[in-house]
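S.K.: Those protein sequences? They're chains L and X, same order as listed.
Just so we're aligned, residue 5 is where the first sequence starts under this note's numbering, counting upward by one.
Just so we're aligned, residue 97 is where the second sequence starts under this note's numbering, counting upward by one.
In case anyone wonders, no lab produced these hints; they're calculated from the structure.
Any given hint might turn out to be false.
[Unchecked claim] For lysine-lysine, the following DSS-like pairs were computed, each having C-alpha atoms within a straight-line distance of at most 25 Å: (1) 138(X) x 135(L); (2) 145(L) x 138(X); (3) 129(X) x 384(X); (4) 138(X) x 384(X); (5) 7(L) x 145(L).
[As the list claims (entries may be wrong)] Chain L residues, not near chain X, derived (Cβ > 12 Å throughout): (6) 18; (7) 115; (8) 144.
Every value quoted in this text rests on a predicted model; they were computed, and no experiment measured them.
Here a beta-carbon is modelled for each residue, glycine too, at the ideal position from N, C-alpha and C.
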Amino acid sequence: MKKPSLFTRALQRSPWVFHVGTSGCNNCDIEIADCLTPRFDVERFGIRLVGSPRHADVMLISGPVSRACREPLQQAWLEMPRPRAAVLVGVCACSMGSYKDAYSVTGPPDKVLREVDPEAVVVYVPGCPPKPETIVMGVVKLLEALA
Amino acid sequence: MSDIAVWTLFLLVFPGMLFSVALGLCLCWVDRKVTALVQWRKGPPPMQPFWDVVKLLGKEVIAPAQAWLTGFLWLPFVGFAGAVLGAVLVWQALLGLGPQPAGDLIVVLYLLAMPGIAIVLGGSASGNPLAAVGASREMKLMLAYELPFVVALLVAAFQVRTLPDGETTRAATLSLQGIGMLQADHGSVLWRPSGLLAFAVALLCAHAKLGFVPFDVAEADTELAEGALLEYSGAPLAFFKLTNAVQLATLPVLLVLVFWGGPVTTAWGAVWFAAKVLLVVVLFVLIKNTNPRVRIDQALRFFWGPATAAALVALVLAQFGW
């Protein structure tokens, strides 16, 4: 197997995460915040939550995309510098969950993202809500896929 | 010719760019690790700040359509250059390398203001409203802390000492090495009431200069989303991070040199000096982790009110030999 480049190794060791809540029920958002607590401490792996999509490598999306969130989500995605990837947290973000066929939502985030960026790399973390361990595992799988 | 080679080495390797960046990244790790320990976490591995910078250097650079492109892309490097030159002057005085300019304290003060100016101008150049708010706050913060910082440093620059035989000596110097040598002869400034007061003020000003938590109004991740740096990505952002690292390596050294000076030419002296610098850094991190953010008006009121008053009192006390 080819040895990954210095940049890829750096990317695997320092994924900065931007968190977008696309009108979920807030349960997944709480689990995402849990990852930063002393019990899970994702900073051990260099994972940091950042405030601007410009600084981020990974976008953590929770919730189905409501009509109001659709354009902001697409815009935030395009603002992220390449290489970029998305982690869909929770069953609503993965496959709409209980919001399926609801009038107020416009589709799961992966479809919404691929409308503006067909090559978007997406990892799915199902669960209602997924445990923090599962979210960390999702990010790790994503980083393995990047190598 | 060899002169030019020596100076290039001086600026680019030791004690200039490579050295201060390496030291700064190590101290960034100390910052994050101590923060983690305070919060009962494990914290990042030692190489973390290095990987962060390498990753940022490799990422795509995006400039917003409404940005002033030249300024937006060049200002991070201007700030970085200022921080590195400031670091070179401080280390030069500390180690007694090369010629010692008479007024290098003034030059260092100006050079250490460059990163702040770069953030103000860079944030304004990005054309983002949140970044503009961050830039305006950074500007106000600079106006706030520069005054007490200068007054506090003057306490060390104008020293009045009573010798054991009862005679009073006055010494005024604006050279960093001169300040260091005065302390080598007469003991550290820090161990006098005026010096302690001035050190406390200078510590808080340096804290604000580093953008650490009680005074991180300009970055304020929760409301301004990193403020002036909001629109930066890739290499320019990496250079802002490096500038911050170099400042984190320079300001504690400057504070220790000016207020807590001692010889560094002996092995024991060097170890003792490094321990003092580390102690100041840990002090920064502890202040950062035990205080909530102030508002910009509170910061301004604090620096122009109690902080400046304390620095002036220290200056007056110092003139009476305290």
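S.K.: Could you let me know if the closest chain X CB is still more than 12 Å away from the CB of residue 144(L)?
M.R.: holds (15 Å)
S.K.: Grab the minimum beta-carbon distance between residue 115(L) and chain X and tell me whether it stays above 12 Å.
M.R.: Label holds. Min Cβ-Cβ 24 Å, cutoff 12 Å.
S.K.: Between residue 138(X) and residue 135(L), does the CA-CA distance stay at or below 25 Å?
M.R.: Holds, because 20 Å separates the two Cα atoms, which is no more than 25 Å.
S.K.: Under the criterion that the straight-line Cα-Cα distance not exceed 25 Å, is the pair residue 129(X), residue 384(X) satisfied?
M.R.: holds (13 Å)
S.K.: Residue 138(X) and residue 384(X): Cα distance at most 25 Å?
M.R.: holds (18 Å)
S.K.: Hinted pair, alpha-carbon criterion (25 Å max): residue 7(L), residue 145(L). Please report holds or violated.
M.R.: holds (18 Å)
S.K.: Assess, step by step, whether the Cα of residue 145(L) is no farther than 25 Å from the Cα of residue 138(X), and give holds or violated.
M.R.: holds (22 Å)
S.K.: Are all beta-carbon distances from residue 18(L) to chain X longer than 12 Å?
M.R.: Nearest chain X Cβ is 5 Å from residue 18(L), so the label is violated.
In summary, the structure is inconsistent with hint 6 from the numbered list given earlier, while agreeing with all the others.
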